Structure formats: C-alpha cells, structure tokens
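One letter stands for each residue in the lines below.
There are 6 protein chains.
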Amino acid sequence: MKEKTKPNRILVINPIVSDRFEEFDRNFFNRNAYPLFEVKVANLTYGPASIESYYDDSLAAPFVVQKILDAEKKGFNASIINCFMDPGLDAAREAVSIPVVGAGESAICLALMVGDKFSIIDPGPAKYVSRNPTKQVRGIGVESRFASSRGVGIPVLEIDRDLDATTRRISDEALKAVKEDGADTVVLGCTGFAGLAPKVQAIIETPVIDPALAALKTAETLCQLNVHQSKIAYPKPPEKLRKIQFLQ
Amino acid sequence: MKEKTKPNRILVINPIVSDRFEEFDRNFFNRNAYPLFEVKVANLTYGPASIESYYDDSLAAPFVVQKILDAEKKGFNASIINCFMDPGLDAAREAVSIPVVGAGESAICLALMVGDKFSIIDPGPAKYVSRNPTKQVRGIGVESRFASSRGVGIPVLEIDRDLDATTRRISDEALKAVKEDGADTVVLGCTGFAGLAPKVQAIIETPVIDPALAALKTAETLCQLNVHQSKIAYPKPPEKLRKIQFLQ
Amino acid sequence: MKEKTKPNRILVINPIVSDRFEEFDRNFFNRNAYPLFEVKVANLTYGPASIESYYDDSLAAPFVVQKILDAEKKGFNASIINCFMDPGLDAAREAVSIPVVGAGESAICLALMVGDKFSIIDPGPAKYVSRNPTKQVRGIGVESRFASSRGVGIPVLEIDRDLDATTRRISDEALKAVKEDGADTVVLGCTGFAGLAPKVQAIIETPVIDPALAALKTAETLCQLNVHQSKIAYPKPPEKLRKIQFLQ
Amino acid sequence: MKEKTKPNRILVINPIVSDRFEEFDRNFFNRNAYPLFEVKVANLTYGPASIESYYDDSLAAPFVVQKILDAEKKGFNASIINCFMDPGLDAAREAVSIPVVGAGESAICLALMVGDKFSIIDPGPAKYVSRNPTKQVRGIGVESRFASSRGVGIPVLEIDRDLDATTRRISDEALKAVKEDGADTVVLGCTGFAGLAPKVQAIIETPVIDPALAALKTAETLCQLNVHQSKIAYPKPPEKLRKIQFLQ
Amino acid sequence: MKEKTKPNRILVINPIVSDRFEEFDRNFFNRNAYPLFEVKVANLTYGPASIESYYDDSLAAPFVVQKILDAEKKGFNASIINCFMDPGLDAAREAVSIPVVGAGESAICLALMVGDKFSIIDPGPAKYVSRNPTKQVRGIGVESRFASSRGVGIPVLEIDRDLDATTRRISDEALKAVKEDGADTVVLGCTGFAGLAPKVQAIIETPVIDPALAALKTAETLCQLNVHQSKIAYPKPPEKLRKIQFLQ
Amino acid sequence: MKEKTKPNRILVINPIVSDRFEEFDRNFFNRNAYPLFEVKVANLTYGPASIESYYDDSLAAPFVVQKILDAEKKGFNASIINCFMDPGLDAAREAVSIPVVGAGESAICLALMVGDKFSIIDPGPAKYVSRNPTKQVRGIGVESRFASSRGVGIPVLEIDRDLDATTRRISDEALKAVKEDGADTVVLGCTGFAGLAPKVQAIIETPVIDPALAALKTAETLCQLNVHQSKIAYPKPPEKLRKIQFLQ
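Protein chains in written order, with the working numbering: chain A, 3 to 250; chain B, 3 to 250; chain C, 3 to 250; chain D, 3 to 250; chain E, 3 to 250; chain F, 3 to 250.
No lab work stands behind these hints: they were computed from the structure.
Heads up, a few of these hints could be off.
Given that identical chains are not distinguished, each listed pair holds provided it fits within a single copy or across any two copies.
Said to hold, decoys possible - Taking lysine-lysine and the BS3-like style, the derived pairs with C-alpha atoms no more than 30 Å apart in a straight line are:
(1) LYS233 to LYS178
(2) LYS238 to LYS137
(3) LYS76 to LYS242
(4) LYS201 to LYS8
(5) LYS129 to LYS76
(6) LYS238 to LYS42
(7) LYS245 to LYS75
(8) LYS178 to LYS201
(9) LYS75 to LYS242
(10) LYS75 to LYS201
(11) LYS178 to LYS42
(12) LYS129 to LYS238
(13) LYS245 to LYS8
(14) LYS181 to LYS76
(15) LYS233 to LYS8
(16) LYS245 to LYS76
(17) LYS181 to LYS245
(18) LYS178 to LYS238
(19) LYS129 to LYS8
(20) LYS129 to LYS242
(21) LYS8 to LYS137
(22) LYS245 to LYS178
(23) LYS233 to LYS201
(24) LYS8 to LYS42
(25) LYS181 to LYS8
These numbers were taken from a predicted model, which means no experiment stands behind them.
With the hints as constraints, model all of the structure from the sequences given.
Below, the structure written as structure tokens:
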C-alpha cells in the first residue's frame, strides 16, 4: 500500500436528482478517505429527489447502474451506492468488474463485528418500530443478529433543516432500541445522516455506525485487497437488446 | 362470487420490450382464468428484451411500476408481474392499492403446500447447480424448504425455438434435482416456460409448478377475497420530485 | 378452464362431530367458489366437538383421513381440512392422490404475499400473546415472517354467540398485533371465524386473511393446475394391518 | 435419589397392534433402567401394525394418548412413546401431567450434545437420501445441526428377520452419511432398531444413538428432577364432547 | 445397568479457584446421582473466583481442560463442567475420549423437551432483558425456541448470601419471562443456583431446569449408553509444542 | 483522516509461542497498512505452537487477552487476533475498550459483500468436506450464506515448507468448493495462508479473502471511525479474584 503512488479513484453515487448533498459529501468522503484514495461524488440526472421507499429505489436503480457502467469506463477503481437501501447494488455488481459497495450492506456487515444485536434507526415514520428482520436483513441472512428497526419521522430532505433536532430524535430512538429492543449496536439507516454518528454515539454511549463511512472503508478495502465481486455470483449480463433511453 | 356479474380485470405485464409472447400469453392466461376474470397482456416500451439478471431486473422495474400505476388508473383490479424475478414487485405494491402479484413469489409460496422441498429449474447456465438458498428465497424467508436451483442453459429468447428440446432439458435437470438434491417438488423458474409444466410433470412424475399460472391464481384469489397488499408493509410513497421521463 | 364443463367437486371436512356449521359452511364455500367448482361439506361421526388443542387435533385426524379416503373413492377432485390446526393434513396427503389442503397452511402461505410480517389471531385464551413462532409456523419454515400469535379468549363453540362481540375482540387483538408486535398482515387463526375477515379488515384497515377461503382458493388452484401433493414427499403408505374400527 | 425407596413406574407404549416386540422391549428397557425405575410395556389394541408414515402416525396417535391418560390414572410416573415419529406426543403432553417423552425428540436432543451434525438412519426406502431438514427436525428447530436422512430400505416388520443384515445396512448408510453428508453423529431413526446401536457404533466408530434408550433416560431424568411438561405450552384441554369409541 | 456392579465415576469441575461450593456440590451431586454413579467434585487451583463473562470463561478454560485430561488418566468415566457458560467444553471434548458434559448445553437441550419456548434467568445485571438469542443459543442452533434472557442482578459470589431473596428475584424475573416474553419453560442460567429450581418451580408453577442436574443426568446417560463425543466433530489434537505451565 | 498526523498503532497478536512468522507478518501487515497506521506484531510466551483445534484455541485465549490488556495500557489503538479461530475474541472485547478484531470473523463478514455463498478452505485434514455451517458460522449467524468447509491436509506449521504446493492444494479444494458445493467466494481459513490469496485468486478466477488482511482493514476502519466494541454486548468484567500466574 505504502509503495503505491497512483491513487485509487472511487465514485460515490448519490442516487438522487439533486446536487444539494454534493459538496458536503465530496468534503465528507475525501476528508475520511485514506491518503491514496480520491473520491468523486455524482448525482443522478433522472431519478427521485430522495429514496424512502422501494418505489424510489426502483426508480433510481437503472440510473445508478448506468453511472457505474460509466465510472468503470472512465477508469474509476470502485463505486459506492450512497443510500442505505442499496438501489441497484446487485445489478451494478453484474454490470461491471470494479467493486460496487452498498451503504446499507456495509453498515450491517460492520455492525456484526461491533456487538451482538443491532438496531437500524432510519428516517421512516415516527413511532415506527419493528422487531422483525426487514427484507434487506433477511436478504443478507443475518436475522438472528437483528434487534429492531425504528423510524425517527423526519423525511430525508428535511434531515438537515435542524441537525441538532435530528440528532436528538435519532438518539431518542436509539436509546429506546437499546432499552426496549435489546440492541447493543446502532446502525444509522440513512446516508443522509452522514456525519451524525459521532454525535449520537456521544449521547447514547453505544457504538453508532455511519453507513456512508462503512461503505467508503469497504470500498477502500476491496480496492486494496484487489477483491472484486464474484463473477459467479454476479455474472456479466449477456449482450441483448435493452431499449432504454438514458438521458444523463 | 357466483353472483358477481362484472368481471375483474387483471393486467399481466410482460416486463420486456417485445410483443412476441403477447398473443400466446393473452390466450394462455385467458384460457386459464376463471370465468369472471378478464386478462389483458402488456409489454414494455422501454426495458430489456428479456430478464436474466439483476441488471435486466433493475432496467425493467421502473417501467413495470409505471405500467401498474397506469393499470390502477384505468380500473384494473389486479396486476401480475409476469417474470420469475419479480421485477418491481415491492415498488409496485407501494405505488398502487390494487393487488400486485409476482410470478416467482407466487410459485414458491404454492410449492410450500405441495411438497416438503422444492427445486427451481431456470433458464440459467447449463450445469449450474446451487444447494444454497438464493437471495429471492432468503427474502421470502423459506430457506429450510429449498432444495436447489438448477439451470438448463437455454437463453430466455431461445426457449421456444424447440419446445420439445426445452422440455427435455427441464425434465433432465428436474430429475437430477429429485435424485441428487432431495427435491420433491419442482418450480419452473421462468415465465417463459409457461405451458410446459404439464409436459414436464408427465415425464418426471413429480409436481411441477408454472409460475405464470401460480401468479394468475394468486391474483384471482386476492381480487375475490378483497385482500390487497398491506399498506403498513407497503405504504404509499409520499409525493416529491421524481424526475423521470417515461416514454411509453 | 373456461372450456371445461364438468365441475370439480371439493369436499370440505369440518373435523368435528357436529353439523351446526354445516349449512353455514355449505353456503359460505359455494358462494365463494368459482363457477366450475361444487363444494360439499361433511362433519365427523366420531371425534371432538371442536379443535382447540393438539389433543383434539389427534382425536380428529384419523377420522379426517378416513373421510378423505372416502372422498377420493367417491370421485371428489380435492379435499379441504377446514380447521386452522390442519389435523391429519400430512397423513391424508399420503393416503390419497387428490389434493388435500389445510386451512392454516393455506392462510399462512397467502399471508406471505400480502405483507411482510403476519400475526395469527385465534380463539385461544385471552391475553395470550407470543412473539415466538409456533410449531406450525416452524414446520412450514417461515419463522422470520411471523410477528405474533394472540388469543381472543372465546371458545370455538361460542364464537357465533355474539358475532359482533367476536369481531370486536378479534379487531382489538389484531390492532395490538399491528401496534405492539410489528404485524402488517393478520391471519385469522380459526375457521370458526369464517366470514368475519371483511368486517375485521374494515375496522383495522389492514389485510385480514380468512383461512377457510384461503383453503378454498388453494384447492381450486391445485385442481385447475392439476398439481397434486408430491408423492415423493407424501408416498402412499404400503398395505399392512391397520386394526381400526371406523364407525362413520 | 439414593434415599428414595418407592420406584418410579414408567409406561412404554409401543404404538402398534402387536405384542411381538413386547417381551423384547420389557427386557430391554428394564435391563437399561436405573434401579429405582420399573418399566412396563404396552401395545395398542387398535392402530397400525407399524408406523412408517404420517398416516400410521395419525392412526396410532389417539390410542397412544388414551393409553397415557390411562397410565396417569393408574399411577405411572412417566410415559414413553416408543416410536421415532413421536405419534401423539404433543397431544399426550396436553392430556396428562406426568412427563411424556418421545423417542425421536429425545434422540435428536441427545445428539446435539454428542457432535456437531447428525444424520438420521431410518427403515425408509433404500437409496433415500435427503440433506434437507425433515418437518420433525424443523419442528424441534435444529435445522442447522442436521446433516441428512437416509433410508435402509427394510420395512419395520422385517427389521428382525436378519438382524446382522439390518446392522450391516444401517452401518453402510451411516458410513455414507459420515463420508458424503458431513455427519459426525448417527441417530437411529426407528425404535425397531433397539439394541443395534452398540453394534453399529463398533462398525462405524462414530457415536450412534438408540432412540428408545434416549427416551428412557429422558423419562428417568424428568421423573427424578420432577420436571413435567410445561402446562403453558401444553395446557390441559378443556372438557367438551369428544365422541370417540375407544375399544381397548 | 442393573447387572453392573462397578460404579461409574464422574468428575464435576467447578471452574473456579475456591472450594466454597465443594462440599455443597459433593452432597448435591451424590444425592442426585443414580446408585451406580459416584461423583467427585474438584475446583481449579488457578483461574477466576467465579465465571460471569467471556473473560472469566477464557481464563478458566485451559485449567478446566487440564483437569479433565487428568480425570481421564485417573479413570473417571465422565466429566461435567459445572458452569452455565460451558468453559472449555469443546476443547475438553477434543482432548479426551470420556464424555464431557456442559451444564448450559445440557439444560438448554433438556428444555427443548419440556416446553416450546425457554427463557434463561441468570445472575447478570438487574433489568437486563434480551429477546435475541445469545451466542451460546446460536451456537447450539436453537434460536427459534429461545424466548429471552433475563438477569437478576446478583453477583455469583453473593447468590448464597440470602437464598430466599435470590429465589424471589429469580422467580420475579421468571414470571416476567412467562408473562412478557412468551416463555413457557425456565432454564436457570447459573450452576450457582443449584438446588433452587424446585423452589422457583413451586412459586411460578412453570417448569424450571437446574443446569447442574441436567448435566449430571446427561453424563450418566452418556456413560450408560456408552456414547462418547464424536471424534469426527472433536478430533484428538495432534501432539505438538504447547508451552504452558500448569501449576495445579 | 488526511489531517491526522499521529499514527494509529495496531498490535497484531500471533497467538502462538513462536516468532517464526513474526518478521514475515511485521512486513506483511505494515506493507498493507494505510499510511497513518503502524503495526507491531507480538507472539505469546506461553501457549500452543499453532492453533488447529478448540484445544489450542482454549490454551491460547487467556494469553491473548493478557497481551491485549497490555496493549491497551501501552497505548495501542486497536488489536488484531491473528488466527482464523479468533481465540479470546469475545473475552478481549470485554477486557479492553480499544477495538479487538478477529481474523475469522472479519474475513467471513467481508465475504458477505463479495458474493452470495462462501466456502472456507483451511489447513484441516485432507478430504475433509462439510456442507453444514460450523459453530463459528452459526455464532456469527450467517448459516444461509455458507457453502462448505474444506481442508487441505497441511498442518499449520508445514504451510510454508512448500508454498507453491500449498497454493496448489488450496486452489484444488477451492475449485471443488465452487464446482461441487456451490461457493462463489473463497475465504482462506487460516492466517498462516497470509499472502497466498492473490495467487489462489489468479488460479481459480474467483474472489479469495485473506483473513489477516480482512482483520487489518477492519481494525483500521474501527480506529478511524472511532467505533469500538459495544460495552453493552461486551461489558467490562467486574474486579474480583482471578488467580492466574501470567509469565510473559
């Protein structure tokens, strides 16, 4: 590593049609990247304003994949889908050979090594609590490590209206996850919460995982170790007609 | 039921940009529909020529959802996503209130009531065998009922080039699933196999489930019982900017 | 389907020694059957007055199986065991070749396609709540989709004493299942609740599944698709001495 | 224990209509019982000649429960259902307060403490192999410890025709379970194999568990520790009409 | 059994550096042992004063294994690790051929046959409640049978300061486990609770399992049945340098 | 990150009484560490020569924990237990506040993001194959992602006798894991294989994960994100007598 001189370039895709998080994220990711990594942040030209549903996820996915195909052509070494729902993750892993990392999956897999039971605190409806593993958790196959999901009731696009209030809401639900649901580790369930983990962690005195940073560190690891997604699990889709007009 | 006079209308979406299966499917579904149901078949204007990967799935999903939103507006009573990968299933369930049914999910849930362990025979690469539950199976949460996945090595668009050969290949792999993998029930893993189940069943003397028909029967059931997808599980996505150009 | 002229005949077995539900059920099932199906309802000559325990289940099972053997001989096309506990289900599936459907299993498998987490509301003791999967749920293998079981505290034979009160009790517990246990879908855990699902659904605004109708629709589906239980999973029991006096 | 003088009496129920195993079993159980236990063996008056299917299981269950109700009245301290399928186990646990033990469940739970992965070798069809957990294993909830089921192809009533041949067949399949299925522990899947475990164990040099003895030891343990089945899990069935003619 | 005259000798290891429980345990185990078993109790010379953490567990484990190696040389027929955390269990099973039994594992496996869902009440911090399976429960693979863990907040070395108060605290948490967590069976999660099970059981009217006695009965069973741990699962560690100074 | 100037210091513990891997590992880890990390490697004074069994694991664990306690006092920022069996991992996480990382756990959690099903290739006995999840895999809770374990039959201390032969043996078994067991991702099951992953990956054309590097990257991540193990999951063990003579 230390001998390498040419930096790895990582493309972070904010899967939304807005550049409002672009500058923040460019600074955030580059400030947290290791010296030999450069992070560029891209938004979508088409897609949803934010991702808060399977519906938004499905609208964003094809454009995310297109961006990642493009990133591979432009020589990026890895790509991060910067949303907890991981829109287009499996599709992009098929489409390209460079590592593709999802923020949700990365955060959950990191949580497995920090405690025994994790809860996910996300922007979803206030008072939302579920002690049953979500489809994402079932898909990863870690049902027995899941404590609960809880929503703070702040739409994604309002997270940064009052960051102190958002931090308090997250902390409140995280404390309930610990006290009522048996969680010992907290996963922030939205990359819109980027940067809040240390503050929440200071309040609740329990580890809090930032999904954007979990993804960044995973991407760096896969780059450095030269481990890309398995082409047995994610084979290159064969050529055929795909009639889609990508206006980017 | 028997008193009803106005038929239920179901929209079957072939999530591909081709009308080559349209006539066959219109006949197939209507021939198998109960008297009080009318089935219309639609293709996509944009999307992939066939769905054989997560990549294709992600490209089809937003257009599938758009078709289903449209179907609801036009007064359809239910909608079927006619592909084993269930592209856009969760997204569409959020977007509309009419029942949305996936062929893969329907076939797997029906298989649970027919035997103890099912194998999925799909068009995937020849010699492909996996005894580990797929992400779809893990997502449904029925890992302990899954015996194996096996591929017959026939691209979707070549399934109907020689239906006898296709039937034999499916039967060969299905028999191996029974003998080597412990399956007692066979799920056809592609709606392109529509109509072949009785032939395969006759050859292997083991139940074979047609995913297109499983979906049709599930859709009829949900219509008749007036049970729609849970809006707690699949809440209506809130209004916001979704900048997508749907040319249909 | 539409070409068929000879109707399929389904035998519904109320696994109890009483004809008190017979007329109601004959009307209920036939009103909900598709045009080409005829439903006949039978009770047991010997067995329990109602099924509320494994004990009742075991007393009913051999007589249920006998009825289904008889149904096959008489040319019925399918059989429904009209009790959520599915007494004799596996045994009957071995004994005959016509499809045998259980109300509990059918309702649970349908719930998998309606939401993400289901709760079962049954007649059991009031205040009974369990968030652990029951043996039936473990047997089906869908533990990770189960939210809770809750009892309404109304003995089966008193369900119809005051149907409004029963409906309210079910609705109360169902709402608790949604609010406290994370359920998004409700399964009625007793076929004695037949006909109440729409009322409960209207009150709680969350999907409610009627196990008797779930079974009817499953039976119709298996008949129409000509998919019978797997004889690998449920082989025909070999002939041997079985010294039982069936007085029916 | 050592102070007790009045022996515990255990009733072993061979759930079949034959006394052909009675003398063997009386000797076998009493020879293996601890000094302060007396074992009596009973057969059924009505029921199947042997239990090799869910069908046989359902025919035996009500008569088994009746025998155990009777045993409780006669002052027995515990009861053993001497068949690997555990016919009537849950029902009997509800019906009485004395401990009721199943041979299959006991053997499986003991195997959990002997190795990491167990295979079940039973009389079922020759060449039968399944690496998927059976419904019994799923019901106990130990899927991840299960290696395979294998059948030796000897009907229960022919097990003792040539005990050396039976022992060899069991050993052959058990060795395959070890070599091909990853088992490290063998569970004999039939109480008709009683007495063969030491011989098989000597041949395969891997632990072999006798279900009849596993049940005996469990029954003795529950007696001595005064731990009976949970009446929360297995509540006493309420009185009501149960119209069954038990001719015993 | 009854013909044997030479008793089996079992070594119970209290994995702590104190003889304060030695006399009690010698009496307790021998009073509960079957006539043909003799129990000797040993403590550690080095190790922790009590085991209340993975840290204590790791400190005790090598000394436990050493004691068991020693026991095998001295002709003991089996060994019991008398602590719910089972320190050194897998290691000792590799090191020796005589059966090695853990108190925690034995109690959990016995609970599987007594009810449907068990809770573990241990000395841990007061108000500690977790409805997620512990690593021990996941290791055994019985997640779906686990209801909860609850702590009574009494350090192990203070359990016997006021046994009545300890009994009440255990009973209080056990009742909460039944009422709030859905448990129907209680497992005492500490061998320091030896002898309290009957008292707690009398108070809560629900089965309570003593882990020390569960282990004793399992050890006796394995001795009598001549079933030792599988050497495929627990192979003898090959000879090599192991530079450890065991001062005992 | 890039602003930090004082490097993080990580202590890698080779849990064996030998310095034979020390120089190699110091170079290996520092060459792969990010610029702002310094890695020191320590061996044990007491313990086993290599870890190939639970027995070795238990002998190493207390000394590993002692080293990590010492590392925390000396100001190290994180610690790595450099063995796939993760000896003392949970204990050390309790004992200290600095992050403690296990090579096995890290590699398995990374594999979850690279493919769908992983196999573990370890030094164990040749021809060893198991398709059942190991206790370690069950403890992490990722049973449904596990394809198989396979042994290459090379004792740990002979791995480096002929690295080409070792690489070939690993590759052979890895290819079988892919072809016969359904794996799409390979995890090297021994830190003695450090440095071989790229060679094996080049041969088998499937991702191969080096557990030592997976651990290094996890440790760096936890340092940088300031996420330490949860003190709810791993509370500080209370002070008490722990009579152990650590001669280091």
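These are the hints, each one checked on the structure:
no. : hint             : verdict
1   : LYS233 to LYS178 : between (41 Å within a copy, 17 Å between copies)
2   : LYS238 to LYS137 : both (25 Å within a copy, 18 Å between copies)
3   : LYS76 to LYS242  : within (23 Å within a copy, 32 Å between copies)
4   : LYS201 to LYS8   : between (35 Å within a copy, 23 Å between copies)
5   : LYS129 to LYS76  : neither (44 Å within a copy, 35 Å between copies)
6   : LYS238 to LYS42  : within (25 Å within a copy, 34 Å between copies)
7   : LYS245 to LYS75  : both (20 Å within a copy, 25 Å between copies)
8   : LYS178 to LYS201 : within (17 Å within a copy, 35 Å between copies)
9   : LYS75 to LYS242  : within (19 Å within a copy, 32 Å between copies)
10  : LYS75 to LYS201  : between (38 Å within a copy, 27 Å between copies)
11  : LYS178 to LYS42  : neither (37 Å within a copy, 40 Å between copies)
12  : LYS129 to LYS238 : between (42 Å within a copy, 17 Å between copies)
13  : LYS245 to LYS8   : neither (38 Å within a copy, 37 Å between copies)
14  : LYS181 to LYS76  : neither (48 Å within a copy, 34 Å between copies)
15  : LYS233 to LYS8   : within (26 Å within a copy, 40 Å between copies)
16  : LYS245 to LYS76  : both (23 Å within a copy, 25 Å between copies)
17  : LYS181 to LYS245 : neither (52 Å within a copy, 35 Å between copies)
18  : LYS178 to LYS238 : between (44 Å within a copy, 22 Å between copies)
19  : LYS129 to LYS8   : neither (49 Å within a copy, 42 Å between copies)
20  : LYS129 to LYS242 : between (47 Å within a copy, 22 Å between copies)
21  : LYS8 to LYS137   : neither (40 Å within a copy, 37 Å between copies)
22  : LYS245 to LYS178 : neither (48 Å within a copy, 37 Å between copies)
23  : LYS233 to LYS201 : between (39 Å within a copy, 17 Å between copies)
24  : LYS8 to LYS42    : both (16 Å within a copy, 26 Å between copies)
25  : LYS181 to LYS8   : neither (48 Å within a copy, 37 Å between copies)
When the structure is compared with the earlier hints, violations turn up for hints 5, 11, 13, 14, 17, 19, 21, 22, 25 and for no others.
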